[in-house]
Amino acid sequence: MRRQGVERVEWSVMGTVAAMQAKCEDESRGPLTIEDAMRRMSTEVRGIFTGVETLLNAHSSGSEISRIAPLPDAQVVKSCTKEMLPCYEAAFMLQKASGGAFNPRWRGEKTLDLGAIAKGFAVDLAAEQVDAPKGVAALVDLGGNVKALKGRWRTGVRDPGGNGFAATVDLKEGEALATSATYFRGEHIHDGRTGSPVTNGVASVTVLCGSAMWADGLSTALFVLGPDEGRAFLDKHLAELMGERKVEVLWILSDGRRMTYPSSTRFAE
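Residue 58 in the numbering used here sits at position 38 of the sequence shown; the count goes up by one each step and never skips.
Please keep in mind that the hints were generated in silico from the structure rather than gathered at the bench. One or more of the hints may lead you astray.
30 Å max Cα-Cα, derived BS3-like pairs, lysine-lysine [stated by the list, open to error]:
1) K130 <-> K116
2) K154 <-> K256
3) K98 <-> K130
4) K256 <-> K192
5) K116 <-> K43
6) K43 <-> K266
7) K102 <-> K116
8) K256 <-> K98
9) K266 <-> K192
10) K266 <-> K256
Keep in mind the model is a prediction, meaning the values are calculated, not measured.
Build out the structure end to end from the sequences listed, making use of the hints.
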């Protein structure tokens, strides 16, 4: 698919839609065509996403995550595939820091579900392992978890009310964006402390940072916590979770109000 000079390929994986986009940024890039570049990159990304899905599919009794779910957290991180370790570690760190608002065991202590962070993790893996050729900008998207692999890209944050975009964001190379919202699959976001769907007046939370995994996990945690508790959580725990990585957050409430963290924001109306 081509749109305004951008090549786009879509496919289904991990229960959602994945997409690769590529565009030419330098006509002197050499003999490789944009179509050839897209074919090679999308094939590599498909393989990465499929590998993550095979290991982290909580709905498959034969997956690694289902096999090790009954183990204590410390044994889980010792028993999982080495490549998946950062995803498990981040999930448990976020669970502890958020007081269980983000909880990979929200269905029960013998269960594990990394669905609120695994897609972002898969996007980061793709960014680490797939190289865009010279002169080609590339963007990867997995169910709304977006990362600029190479070059700069403009993307949007959907208006929860259905009126186009609530904000636009210019992604720099290496930056990622993730949104947790009721409009994706209804009331599918659960408070890990209670197991019940969240009903706190939040319609969507979008997180911008240098890691798709952390953007994904934080967007869920901050949806559950809401803007007031969420900003206090970020003030207290952001450095311990993400070091010096900068984070920008946009909450959109059900009544249309917007709240951000920090006060200066990259989300343009």
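Taking the numbered hints from earlier one at a time, note which ones the structure violates and give those numbers from smallest to largest.
Hints 2, 5 contradicted; others consistent.
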